[in-house]
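Visitor: Make a model of the complete structure from these sequences and hints.
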Amino acid sequence: MSVGQDTLNVNPAALSARPGARAWSALVILTFVYVLNFLDRQLLSILAKPIQDELGVTDTQLGLISGLYFAVFYCVLAIPVGWLADRTNRTKVLAFACGLWSAATAACGLAANYPQLAAARMAVGVGEAGGVPPSYAIISDYFPSGSRGTALSLFNLGPPIGQALGIAFGASIAAAYSWRSAFIVVGIIGVATALIVWVFVREPKRGGLDAPAAAPINKAPAEKSSFWATFAMFFKHPVLLRVALACGATQFVTYAVLNFTTLFLMREKGMTLNEVAVYYALLIAIFVSAGMYVSGRLIDHFAPRAKTAFAYIPTIGLALALPLFVGFVWAPSWPLALLFLALPTGLNYFYLSPAVTLVQEEVRPDQRVLSGALLLLVMNLIGLGLGPTYLGAVSDYFRPTHPDNSLQMAFYTLAPFYLLAIALFFWLAAAIKREAKTRAA
Numbered sequence: 001m002s003v004g005q006d007t008l009n010v011n012p013a014a015l016s017a018r019p020g021a022r023a024w025s026a027l028v029i030l031t032f033v034y035v036l037n038f039l040d041r042q043l044l045s046i047l048a049k050p051i052q053d054e055l056g057v058t059d060t061q062l063g064l065i066s067g068l069y070f071a072v073f074y075c076v077l078a079i080p081v082g083w084l085a086d087r088t089n090r091t092k093v094l095a096f097a098c099g100l101w102s103a104a105t106a107a108c109g110l111a112a113n114y115p116q117l118a119a120a121r122m123a124v125g126v127g128e129a130g131g132v133p134p135s136y137a138i139i140s141d142y143f144p145s146g147s148r149g150t151a152l153s154l155f156n157l158g159p160p161i162g163q164a165l166g167i168a169f170g171a172s173i174a175a176a177y178s179w180r181s182a183f184i185v186v187g188i189i190g191v192a193t194a195l196i197v198w199v200f201v202r203e204p205k206r207g208g209l210d211a212p213a214a215a216p217i218n219k220a221p222a223e224k225s226s227f228w229a230t231f232a233m234f235f236k237h238p239v240l241l242r243v244a245l246a247c248g249a250t251q252f253v254t255y256a257v258l259n260f261t262t263l264f265l266m267r268e269k270g271m272t273l274n275e276v277a278v279y280y281a282l283l284i285a286i287f288v289s290a291g292m293y294v295s296g297r298l299i300d301h302f303a304p305r306a307k308t309a310f311a312y313i314p315t316i317g318l319a320l321a322l323p324l325f326v327g328f329v330w331a332p333s334w335p336l337a338l339l340f341l342a343l344p345t346g347l348n349y350f351y352l353s354p355a356v357t358l359v360q361e362e363v364r365p366d367q368r369v370l371s372g373a374l375l376l377l378v379m380n381l382i383g384l385g386l387g388p389t390y391l392g393a394v395s396d397y398f399r400p401t402h403p404d405n406s407l408q409m410a411f412y413t414l415a416p417f418y419l420l421a422i423a424l425f426f427w428l429a430a431a432i433k434r435e436a437k438t439r440a441a
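Mapping to the working numbering: the sequence shown position 259 is 259, numbers consecutive.
Below, a list of computed lysine-lysine pairs in the BS3-like style, where the Cα atoms sit at most 30 Å apart:
no.	residue 1	residue 2
1	Lys-205	Lys-92
2	Lys-433	Lys-236
3	Lys-236	Lys-205
4	Lys-236	Lys-437
Everything labelled a hint here was simulated from the structure, so no lab data went into it.
Guide: Structure representation (structure tokens):
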């Protein structure tokens, strides 16, 4: 196959367009919202030890409220919210959602028992359902193809920055005051941020920077797609379905690791909250951010030449990460564990910017929010819903025979899921090649 048969449909005028100050200011605000989104989401795992000590929560219960219970509300509600945002003002939907999940985060700090904490976490999931998909579409209409991958990779710095701030801020506040104070303060900041989004982020024109014929999947742009038409298109199209499944397998690992690493480092490697607040926070901030940004830059460089880059860049990252991840689990001390964890922390996230960019490039402008929500539905139900739930249950399974290192044994069982994710990205590459041949015929 020639390279020309495996390239993206790119508007030459859009490639030469330079995003203005309004686009960059919107990106900064939306990225900060994403920072809060992940900070709120990860506070539970960061403060797992003091929460377990006060409320008597088991590893299985922790996995359920940080994984399955949260993901069911987050993923399912993202679909109708995405459909609504495709037809209304996306920035207003985002602002309302930010205010809702921030108020629910503050409620977590007021929980007196496990059922109340679970209810508050599910409410966080309800709010966060309206966060990421509208942001993907807004950014895609502020930045043209050719700079979109970089813009989305910068937006995707929200999770690592949010994780790092959550670790540093949450652990410090918990060490100085209590875990409850961290939830309440972060919730108040989020409500204030929602007001900023409502006032300062303007709704961009849908598809204003796209090529007139850039609708490879559904070429009839005159009429907006119905909810079910977009839903069916997404799951019938091999490229979109396979990228969602490959990302789900990857997130099974990343969310399982993310939600239990702080507890693992403290309970089995001997770290304190203050040490977590400094060293683990810096590791997350530097290496996950690098993974997000570098993968976005690589996509902007290679994807216009060979669209299979959307599959091969995540594959390479996962293959390099696996042996280092095993070293992290094995390491007998927390300094050595963090040394092993640094590179896989970045390489594990080589999938996200390519996946988001691929979906946004493949569908029509009026399908972007819902398609982004469907991508999140699949990968978060698998990854966020099942990953932490699985790891917590396996840790409790090993507890009777390995009381001092049950989490270590559970972490080892994640290695085969790396191999599954790699296989699924190869499967995605095959679909991309087949699609290119069909279009060239």
